[in-house]
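Generate the whole structure from the sequences, applying the supplied hints.
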Amino acid sequence: MAVPKQRKTKSRRNQRRSHLSLKAPVFGNCPKCGKPVAPHTVCRNCGYYKGEMVIDVMKKLDKKEKKLKEKEIAAKQAETQKSEKSLSMEGLSKK
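All residue numbers for the sequence shown refer to my numbering, where the first residue is 39 and numbers rise by one.
Note that these hints are calculated values from the structure, not bench results.
We put the CB at the ideal spot given by N, CA and C, even for glycine.
Each hint should be verified, as a subset may be incorrect.
[Said to hold, decoys possible] Result set (DSS-like, lysine-lysine): computed pairs, CA atoms no more than 30 Å apart in a straight line:
1) K48 / K61
2) K109 / K120
3) K120 / K70
4) K88 / K114
5) K98 / K109
6) K70 / K105
7) K120 / K104
8) K114 / K102
9) K120 / K88
10) K70 / K88
11) K101 / K73
12) K114 / K101
13) K102 / K120
14) K105 / K73
15) K88 / K73
[Said to hold, decoys possible] Computed spacing ranges between beta-carbons, pair by pair:
16) S56 / K98: 39 to 47 Å
17) T79 / N52: 55 to 63 Å
18) R50 / I111: 51 to 59 Å
19) N52 / D100: 20 to 28 Å
Rendered as structure tokens:
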């Protein structure tokens with residue numbers, strides 16, 4: 039059986055293991071709903087991927103969850119419409 043001639047130092051051991059550390063997962067934001075999403079995956083919140091609906095999320099929900107989801111979507115659309123109105127030329131001239 040082979041036996042090493044010299045002991046490897048802690049420094050050598052730690053240099054070898056430097057690539058074994060855990061890396062933080064990388065997330066982007068979904069352009070549709072803004073929730074964090076892993077790259078190249080479908081958003082679990084809204085079911086969109088690259089601007090196209092891939093999964094019908096509302097189909098799988100219960101009645102209560104469906105109502106909450108619809109309210110959430112309506113609130114987000116109302117918020118975006120408010121910001122669009124305030125930035126239009128008519129909105130700016132009225133102020």
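Distance restraint evaluation - T79, N52, Cβ atoms, bounds 55 to 63 Å: 35 Å, violated
query: Is the Cα-Cα distance between K98 and K109 30 Å or less?
result: Distance ~17 Å between K98 and K109 Cα, so the pair holds.
message: Given the hinted pair K101 and K73, is their Cα-Cα distance within 30 Å?
response: It holds: about 23 Å lies between the C-alpha atoms, which stays within 30 Å.
- request: Mind checking the hinted window 39 to 47 Å against the Cβ distance between S56 and K98?
  value: 44 Å, holds
Holds or violated: K102 to K120, with C-alpha atoms at most 30 Å apart: Judged against 30 Å, a Cα distance of about 27 Å means the pair holds.
- prompt: Does the structure keep K70 and K105 at a Cα separation of 30 Å or less?
  reply: 19 Å, holds
- prompt: Between K88 and K73, does the CA-CA distance stay at or below 30 Å?
  reply: 14 Å, holds
query: Regarding the pair K109 and K120, is the alpha-carbon distance no greater than 30 Å?
result: 16 Å, holds
message: K88 and K114 were given as a pair; does the straight-line alpha-carbon distance stay at or below 30 Å?
response: 20 Å, holds
- prompt: Regarding the pair K48 and K61, is the alpha-carbon distance no greater than 30 Å?
  reply: Between K48 and K61 the Cα gap is close to 23 Å, so the pair holds against 30 Å.
task: Compare the distance between the alpha carbons of K114 and K102 with 30 Å, and conclude whether the hinted pair is satisfied.
output: 19 Å, holds
message: Checking one constraint from the list: CA of K120 to CA of K104, max 30 Å. Satisfied?
response: 24 Å, holds
The structure fails hints 17 and 19 (numbered hints given earlier, in ascending order).
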